[in-house]
Amino acid sequence: MTQTNSRRILTVVAAVAAALACLALPGVSRANTGDAQAAFSLEDASSSRAVLIGFKLRAGGRFDNVRMCVGSPPGVKGGPAMDVSLYVEFALDDDISLAVDLPVLRPIMFAFAFQMLQFEPQLTLLFRHRVGGNVDFVGGPSIGVSLHYGPDYHSARSGSDRGKSFFAAGPMFGGYMGFDFKRPQKNFHYQLGLAPYLAPMLGIHDPDEHRGFIVGGTIDNIFIFR
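For the sequence shown, the positions run 20 to 245 when the working numbering is used.
Hints listed in this document are in silico derivations from the structure and should not be mistaken for laboratory results. One or more of the hints may lead you astray.
To be verified - Simulated restraints, written as ranges between beta carbons of each label pair:
1. LEU217 / PHE146: 19 to 25 Å
2. PHE186 / PRO93: 19 to 25 Å
3. PHE156 / PRO92: 35 to 41 Å
No residue lacks a Cβ here, since even glycine has one placed at the ideal position from N, Cα and C.
The task is simple: from the sequences and hints, build the whole structure.
Below you can see the structure in the form of structure tokens.
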């Protein structure tokens, strides 16, 4: 793949990310900054904000009978999965928020190192319940899209055994559950959770008519700045 094709892949990623952000923003209600019961039930209301920004480290695995996995030998359906994402959380109510997950590492690395696209942005509706002290339980459903350009799982990463590349896409359905550890005296708080997901995939303008599904899950480490 040429640098031009790599740039095209990154352009697709940027366009989808921008569209997802535009969908999330209009319906977001801004929390009243003078309200002592500010969003996310933080101990220190003055440190609460209507919009929280951070990053997410994800690691896990998946079954995947459509895409090539760069961490598995040819013919293996699935393998390990990891990514680093931009994480933005919008307050909808005191205990309800909308989280936007925009992957960063995998789209860039795959475009330049493997001549592939794997981009899976997600929206998650989070509900929050105080467990005690500075710990909240958070969880809720998620929806997103999985975009692929590259070979199927029969392919080698390079050389004569690398298969033909094709486009595929599908909706992602999943959820998230975890614990939010608030740190009142620090600049960020930390979440640790599990995120299972399912994505049916279908080839687009694909002569071989690839179709299948992805089932997987990740352990999510989220660092949210206040």
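Hints, verified against the model:
{"no.": "1", "hint": "LEU217 / PHE146: 19 to 25 Å", "in the structure": "holds (21 Å)"}
{"no.": "2", "hint": "PHE186 / PRO93: 19 to 25 Å", "in the structure": "holds (20 Å)"}
{"no.": "3", "hint": "PHE156 / PRO92: 35 to 41 Å", "in the structure": "holds (39 Å)"}
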